[in-house]
Amino acid sequence: MKILVTGAAGFIGSALSIRLLDRGDEVIGIDNLNDYYDPKLKEARMARHLDHPNFTHVNINLEDREGIKHLFEKEKPQGVVNLAAQAGVRYSIENPLAYVDTNLVGFAHILEGCRHNNVEHFVYASSSSVYGSNTNMPFSIHDNVDHPLSLYAATKKANELMAHTYSNLYNLPTTGLRFFTVYGPWGRPDMALFKFTKAMLEGESIPVFNYGKHRRDFTYIDDIVEGVIRVLDRPAPPNPDWDGANPDSGTSKAPWRVYNIGNNSPVELMDYIGALEESLGIEADKEMLPLQDGDVPDTYANVDDLVKEFGYKPDMSVKQGVTNFVKWYKDFYKV
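Here the working numbering is used: position 229 in the sequence shown is 249, and no number is missing along the way.
Treat the hints as calculated values from the structure; they're not laboratory data.
Be aware that a few hints might be false.
[Claimed, not checked] Here are the in silico distance ranges between beta carbons for each label pair:
no., residue 1, residue 2, range
1, 138, 242, 41 to 49 Å
2, 80, 115, 30 to 38 Å
3, 268, 155, 30 to 38 Å
4, 288, 164, 20 to 28 Å
5, 114, 306, 32 to 40 Å
6, 57, 306, 31 to 39 Å
7, 265, 114, 39 to 47 Å
8, 268, 138, 23 to 31 Å
[Unchecked claim] Computed cross-link-like contacts, DSSO-like style, restricted to lysine-lysine with a CA-CA straight-line distance of at most 27 Å:
no., residue 1, residue 2
9, 347, 60
10, 339, 354
11, 273, 333
Treat the numbers as computed from the prediction; the structure is a model and nothing was measured.
For glycine and all other residues, C-beta sits at the position ideal for the given N, C-alpha and C.
Could you build the full structure based on these sequences and the hints that come with them?
Structure (structure tokens):
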């Protein structure tokens, strides 16, 4: 197939592009290589697949309405995976309009491209952050998600709603994937594992928020990519049993679905740090701090629907995943 991947130089987008190319797909990769974090890391990620004969890089902003319109008209992709977004909970508190521009306006341009060019399936990244104030664990796609705690989370919830309207009005199959704390080699420098590793190797203290009582459903990059590919290959079907009098939040009478992709095994932050200490052979100097604004104390994915419908469940252990990251980090930064 010809697949359009947005965020193709990103952590997940680059890994996904490689998997798609390896199985014989043609990939059109959108990425503007912005400086939210070091563009050199993005360039290095994309260098792994930039010269592949079936890969084309397009440097464009999602906010460029005409540019996105012409790209869809020219390439006519069969499938689209939207991974480009302004990421980060903390940054959304400081720079909310950056999230409006990319995550809302840009997302609408991708939806329009899909609508007008007969795209067979639109898959997009949502986030575990949509669960917000919900404390019903594990988080289920059938739960209410109307109380986000950050604008980042609100934009991801809005993406799910926007996709639903296109599924309903234009019969466009759309699937949202709620990712749970993705980590692994080639990861993002603004994420905890990257920050902690850098600080510990440089002899600096690490900030441990919520006094280390966080629990996160850490999900390894390869597990995320496998889930994306399985979902991409099966366009979202409508639920014939959907009932407006008793609405199910995870399905619809339209061809619209959402799924959690998480490890279904939450790990305490202190155990995560312990795995990193063991891999590095360094004991971290920990600065214990309160919970940050916009953050949630726990995430825990119910993946029953993913297992039932796709026969798939992420399974990489945190110990092995952290070890893999540390090996990559030392190789990449020549530590």
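Outcome of the hint check:
A hinted range of 41 to 49 Å for the beta carbons of residue 138 and residue 242 is inconsistent with their spacing of about 31 Å. Between residue 80 and residue 115 the beta carbons are some 21 Å apart, a value that contradicts the proposed interval 30 to 38 Å. Restraint check, residue 268 to residue 155: a C-beta distance of roughly 21 Å breaks the suggested window 30 to 38 Å. The given range of 20 to 28 Å is respected by residue 288 and residue 164, whose C-beta atoms sit roughly 26 Å from each other.
The given range of 32 to 40 Å is broken by residue 114 and residue 306, whose C-beta atoms sit roughly 25 Å from each other. Range check, residue 57 to residue 306: Cβ separation about 24 Å, and the 31 to 39 Å hint is violated. For residue 265 and residue 114, the Cβ-Cβ distance of about 43 Å falls inside the hinted range of 39 to 47 Å, so the restraint holds. One distance hint, 23 to 31 Å for the beta-carbon pair residue 268 and residue 138, holds here, with the actual separation near 28 Å.
Simply put, residue 347 and residue 60 have alpha-carbon atoms about 19 Å apart, close enough for the 27 Å limit, and the pair holds. Taking the CA atoms of residue 339 and residue 354, the gap is near 22 Å; set against the 27 Å cutoff, the hint holds. For the hint linking residue 273 to residue 333, the alpha-carbon distance of about 26 Å falls within 27 Å, and the restraint holds.
In terms of the numbered hints stated before, the structure departs from hints 1, 2, 3, 5 and 6, listed from lowest to highest.
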